[in-house]
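The chain contents come next:
4 protein chains.
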Amino acid sequence: MVGVGLIGTGFMGKCHAIAWTSVGAVFGDTPRVRLVHLGEATEDLAERCAREFGFAKASGDWRAVIEDPEVDIVSVTTPNQFHPEMAIAALEAGKHVWCEKPMAPTFAEAQAMRDAASRSGKLAVLGFNYIQSPAFRHIRTLLDERIIGEVNHLRIEMDEDFMADPEALFFWKHEAASGYGALDDFAVHPLSLISKLFGRVSRVMCDMAKPYADRQVAGGGRRAVETWDIASVLMRLENGIAGTLQVNRSAWGRKGRIALQIFGSKGTIVFDQERFNEFQLYVTSDRPTEQGFRTILVGPHHEPYGRFIPAPGHGLGFNDHKIIECHEIIARLEGRPAHLVDFDEGLEIERSVHAMARSHQEQRWVDVR
Amino acid sequence: MVGVGLIGTGFMGKCHAIAWTSVGAVFGDTPRVRLVHLGEATEDLAERCAREFGFAKASGDWRAVIEDPEVDIVSVTTPNQFHPEMAIAALEAGKHVWCEKPMAPTFAEAQAMRDAASRSGKLAVLGFNYIQSPAFRHIRTLLDERIIGEVNHLRIEMDEDFMADPEALFFWKHEAASGYGALDDFAVHPLSLISKLFGRVSRVMCDMAKPYADRQVAGGGRRAVETWDIASVLMRLENGIAGTLQVNRSAWGRKGRIALQIFGSKGTIVFDQERFNEFQLYVTSDRPTEQGFRTILVGPHHEPYGRFIPAPGHGLGFNDHKIIECHEIIARLEGRPAHLVDFDEGLEIERSVHAMARSHQEQRWVDVR
Amino acid sequence: MVGVGLIGTGFMGKCHAIAWTSVGAVFGDTPRVRLVHLGEATEDLAERCAREFGFAKASGDWRAVIEDPEVDIVSVTTPNQFHPEMAIAALEAGKHVWCEKPMAPTFAEAQAMRDAASRSGKLAVLGFNYIQSPAFRHIRTLLDERIIGEVNHLRIEMDEDFMADPEALFFWKHEAASGYGALDDFAVHPLSLISKLFGRVSRVMCDMAKPYADRQVAGGGRRAVETWDIASVLMRLENGIAGTLQVNRSAWGRKGRIALQIFGSKGTIVFDQERFNEFQLYVTSDRPTEQGFRTILVGPHHEPYGRFIPAPGHGLGFNDHKIIECHEIIARLEGRPAHLVDFDEGLEIERSVHAMARSHQEQRWVDVR
Amino acid sequence: MVGVGLIGTGFMGKCHAIAWTSVGAVFGDTPRVRLVHLGEATEDLAERCAREFGFAKASGDWRAVIEDPEVDIVSVTTPNQFHPEMAIAALEAGKHVWCEKPMAPTFAEAQAMRDAASRSGKLAVLGFNYIQSPAFRHIRTLLDERIIGEVNHLRIEMDEDFMADPEALFFWKHEAASGYGALDDFAVHPLSLISKLFGRVSRVMCDMAKPYADRQVAGGGRRAVETWDIASVLMRLENGIAGTLQVNRSAWGRKGRIALQIFGSKGTIVFDQERFNEFQLYVTSDRPTEQGFRTILVGPHHEPYGRFIPAPGHGLGFNDHKIIECHEIIARLEGRPAHLVDFDEGLEIERSVHAMARSHQEQRWVDVR
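Protein chains in written order, with full-length UniProt numbering: chain U, 1 to 369; chain S, 1 to 369; chain A, 1 to 369; chain Y, 1 to 369.
Simulated from the structure, these hints should not be mistaken for lab results. Just to be clear, a hint being listed does not mean it is correct.
Pairs count within a copy or across copies, as identical chains cannot be separated in the list.
Calculated lysine to any residue pairs in the SDA-like style (CA-CA distance at most 25 Å, straight line) [said to hold, decoys possible]:
#1 196 / 215
#2 57 / 286
#3 57 / 169
#4 57 / 147
#5 196 / 289
#6 173 / 240
#7 173 / 367
#8 173 / 290
#9 101 / 3
#10 101 / 214
#11 196 / 365
#12 57 / 1
#13 266 / 236
#14 266 / 213
#15 266 / 289
#16 196 / 111
#17 57 / 34
#18 266 / 365
#19 57 / 342
#20 57 / 212
#21 173 / 108
#22 173 / 198
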């Protein structure tokens, strides 16, 4: 029996709630999950969401959730700036923590979270959905099998268009206080994929750009944009691979693109999150006259797709990533190995992000350390 | 408060269970759902599944489910041959019924189900997932808006490869007793889409084929295959549109293809279920130099995608269709209009299937009546 | 040395001219080609085109071309109704003939052409470009190698949108005198592919449709359309394969689509003429976890791509088909085997077309004989 | 009347020959082209090629070609190291020059070529095929029309796999004497596109990589590879746009990829040379519910496609680029404006390449000047 606390009920809060609710039916091998306590900013909102999501208790104070003795694990899905305080408090209260990414606004706070996790001995996991898709997990297996030989080059792009409209008003994400820009919003995602496939980044050279220098202010007038919607990065991984990472949150037409190109001595793997139920593989072991990129639809052969659907090619959804992640968390709670990004690995990802920002500022290659 | 009974725990049983569990968290506007009673072939299996799926009671006898006074609606997800008996009994016991497709092995049985539904005054709905995807629902809206003008031609294909291996053993689906073949397994799906977009089929001309004349029998020797893996149909709809429908369950490489091409006087719509989070639209209102098929990724603009995910292009999964269907059922239970295939509409779909089979047998055009 | 006569200078006339001009440079193994005599409807047009295309002589009378003793082979590229007279006259004048498709408006005329060819002992070839692409030729080789095992099903579609505009005026192609409609314009193309891959068609069941019942007349008023823009055909080939053939010349957005799906016991081949520099192959010999449709870009491995371009993936153009066809003609002139549709094979294709039309008229299966 | 001399008969030599031969038939508005004189390394080869390509004279000494008084323009298609000497000599002999890219192995030589061109007053053009495709030319028009608003970001990749095999032997392209590597082989192509769309590059930051540190030598043993198959570049254009350029000649599965992503304030344009008969356009002027990338097939609307084929979607080939380029050259010879890269513009492209190499060497941002 696992007692669950949830703080936050936005996009990710709902996603966690569905994951906790469905994980048993999907996987069938889990302990009983009890939705114990939901925390939100106000009592009213907490109660409405608790009813919708099926939680037994509701509080307008998140501390009530982490102090609830029936709660074993706390899902932290609030805005980033609240992550450090809540995650650390939960860990110190002896709870396991499943916190959404990114860790924290500053590297120092992320470090404090990692330290709290180390001290606590509790499970401290970050919500990196994209590492959980059957296609990505299978790509990882294929790389381990060296199906494309030795990897020698890597390109990764993450693009969306939610900031692309030049007529949209100036808001908090345009203020320097919110961070660097696309680097914070996006870069952790491709970095989580890189971390799982290849390990750490060693050096970065970053260039950031602003598509729109200023924006209209709600009350009238215009204000200079202080964050960067575009970041382009040259990088070297610790294993020696040269690669590039590019992010753009003003890329019209891109909705959830995370495009991966992995080049090896015997083939190439291509993946795009916008069609995450498939991936592409080119191998030189095919006869030369019939070599081509195979578009492989995921199916029961690709774990854990079959737990959701016994027929291939029917497709998982974005929310299913979180159910898989939830199942991995349960596995680790039960002492089994699991495919997750914990606070240690997450801190390394944050370290790369901050090195990128420094590189842009100093206009030079920066070591990630 | 809705009390749910579930009979059957295979592919669709699990899918119903997840739908009933998640519909509240996803949509947030539903009555409380109670998972009351689960029925399976044996007590043991019923109990294990009840635990996994979160049902309160379990029985080895399905009649216990339909007789349970706490049950308001029964999900029937057993093999087809059991549908008539179970659905009719449930309706007669005063329960609403949500029964998986196809209705029944014979047309007479399907008719009996429809009649029982009429007599009961209860909700009697068939599980046609594919009509629920945001892309399909949006296509329907676009056709209503006449974005491609007057539709004049239609092509639809449904293909999978689960019967494609010639080395696979003879099994019950190769026996004539199981039905016609691909026509039963698949044709109802494209017909459900046609029904929702264009209404009834009036005439059909069908040709069926067997990729493999005989198959190995488990014990040794070979046996003639009695069912048809391929069916190709010329058809006329009641609204005058000429179209074709093709199904193939031995189509290597096709995993869940339902490919739709809708031609109109001002454009064309193309859709493929294997990539059901997108559809293609060509319109003549675009400037001639820039006319092309647009690949449109579904997002919050396309109902009810936004209930699942606030960001576009992140993708729903196959199981999410069932959650949407479940939400439609709840809407109808509450007296609101809903997008569903009820037993009346389902019977018309079955009528078309049987007319196709007769057409093949008699090698001539057959009226659907 | 080959002396060339050309009658007609439209789309295909120009295409033949380019082919005759370039074949030597591309293939490098051909006899010297001399552009001897060009015939057009008027002296002026003939002279202008002769200058542009590089022909030595020009005539306003096509008979001058076929009677020119320096001419060895005549390219006939005039509108269809002139094919019989010109081709027969050229053959009777002892010239080889390379005539554009379709053969002739009526089956009787096509037969007369075939008979004239038989009597003459001369080369009599029809211009079926699409059989010449490296992708198609390679598909043929793969089928011979049984890379997808035994073929058991076939689907082919040919669609364009040049008749799709309902506001376009009534013109001669809408008159019954012009033929059946899409069947004449298009069906011979897919049938040429079928002929090369699988041989003859034995039975057909055809349904034709008119997207627009009537059209505006130039002078005012409306007139009933007498031809059919859409034809859908069920068919059986002599080798027993069941298939479908669909053509639509009012299919908005389709520009030069010829979509082929070939299903076999060990795989599937998919091809679309709109992207004729690639084809797709699915084979069950790939490991199950990595089975998928390979998109194979043609290159020097695929004959005769390498004669045009030594680097793969750079792409041939539509006009290059004709250069390849020209090279095949030269091969046959020199007594070597060649990949062409001669008047005998062409007549069988016409036979299928007329059987389809009769089937539609009589609303029943018709034998092709 | 234009008298043509050709030096070199490899890939590009043949391509020039076909262009000169076909340009009249394709465009119909050109002066008569005379294939006067072909030069190759040996008399024999020159004679064989002259016969195949249709040239009147042949020489084993290229100087005979440039000195031939009947020659007006010389196509220089020999290996790069010969370009400077031949092009300069031809210009000094009063001939127009059409020289294949890249200009020359060293920047100093390229400068000398440009200076010779300036002094001569003759036409001096570089063969940059990819700027000639109807899709690319139309993209240029669309950008001028600001269909995607103000461009704010650019990504361009060029990849092939001809060096990808780690088992291939060490050859001259692995020696430092051959240049930098992929930067020389490929970068000029994307830079030619950038030059035509956006103008000059102002600053670059480049990182180069070697997929394989050493390679087998023919005689036995291994030798260190001295050139770089991969180059990744951050760049700033003079107009302020930030972009990236990536090239890789060891990218398995890529055959002729030149992938362009152009992001603007009102939309996005995507293009891939491997499918150069289409491009993709996303515009925010489409209704939000139907915004998507349009795949636009080129046709007669897109100049000069219609000169080749009157029907849309039938596809040009790689060699057709050269015919278009040839037509542009004739236009400029006749004093009309033309879409070409002359030696001035070509030198700026070379300048960018050398700046990239220096940036890699010095590990810092370098100004292109």
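For each hint, the structure was consulted:
In this homomeric assembly, residue 196 and residue 215 never come within 25 Å of each other (Cα to Cα): the closest approach is 38 Å inside a single copy and 30 Å across copies. Taking the closest pair of Cα atoms, residue 57 and residue 286 never come within 25 Å of each other, the shortest separation being 58 Å inside a single copy and 46 Å across copies. In this assembly of identical chains, the alpha carbons of residue 57 and residue 169 never lie at most 25 Å apart, being 38 Å within a copy and 54 Å across copies at closest. In this assembly of identical chains, residue 57 and residue 147 lie within 25 Å of each other by CA distance neither inside one copy nor across copies; the values are 50 Å within and 49 Å between.
For the homomeric pair residue 196 and residue 289, the shortest alpha-carbon distance between copies (20 Å) is at most 25 Å, but the shortest distance inside one copy (34 Å) is not. With identical chains, the CA atoms of residue 173 and residue 240 are at most 25 Å apart between copies only, with a shortest distance of 23 Å across copies and 35 Å within one. Within a single copy, residue 173 and residue 367 get their C-alpha atoms no closer than 27 Å, and across copies no closer than 32 Å, so neither meets the 25 Å cut-off. In this assembly of identical chains, the alpha carbons of residue 173 and residue 290 never lie at most 25 Å apart, being 49 Å within a copy and 27 Å across copies at closest.
For the identical chains of this complex, residue 101 and residue 3 are intra-copy neighbours only, at 22 Å inside a copy versus 38 Å across copies, given an alpha-carbon limit of 25 Å. For a Cα distance limit of 25 Å, the shortest separation of residue 101 from residue 214 qualifies neither inside one copy, at 28 Å, nor across copies, at 42 Å. Taking identical chains as interchangeable, the C-alpha atoms of residue 196 and residue 365 lie at most 25 Å apart only when both belong to the same chain, with a minimum of 24 Å there against 31 Å between chains. Taking the closest pair of Cα atoms, residue 57 and residue 1 come within 25 Å of each other both inside a single copy (17 Å) and across two copies (19 Å).
Taking the shortest alpha-carbon separations for residue 266 and residue 236, only the intra-copy value of 21 Å comes in at or below 25 Å, while the best inter-copy value is 34 Å. Proximity of residue 266 and residue 213 under a CA criterion of 25 Å is satisfied inter-copy only: 16 Å between copies versus 44 Å inside one chain copy. Taking the shortest Cα distances, residue 266 and residue 289 sit within 25 Å of each other both inside one copy (16 Å) and across copies (18 Å). Only within a single protomer do residue 196 and residue 111 lie at most 25 Å apart by alpha-carbon distance; the minimum there is 20 Å, versus 48 Å between protomers.
Taking CA atoms no more than 25 Å apart as the test, residue 57 paired with residue 34 passes in both settings, with 11 Å inside one copy and 18 Å between copies. For the homomeric pair residue 266 and residue 365, neither the shortest alpha-carbon distance inside one copy (30 Å) nor that between copies (33 Å) is at most 25 Å. In this homomeric assembly, residue 57 and residue 342 never come within 25 Å of each other (Cα to Cα): the closest approach is 28 Å inside a single copy and 38 Å across copies. In this homomeric assembly, residue 57 and residue 212 never come within 25 Å of each other (Cα to Cα): the closest approach is 46 Å inside a single copy and 60 Å across copies.
For the homomeric pair residue 173 and residue 108, the shortest alpha-carbon distance inside one copy (21 Å) is at most 25 Å, but the shortest distance between copies (49 Å) is not. Proximity of residue 173 and residue 198 under a CA criterion of 25 Å is satisfied in neither setting, with 31 Å inside one chain copy and 30 Å between copies.
The structure fails to meet hints 1, 2, 3, 4, 7, 8, 10, 18, 19, 20 and 22 from the earlier list, while all remaining hints are met.
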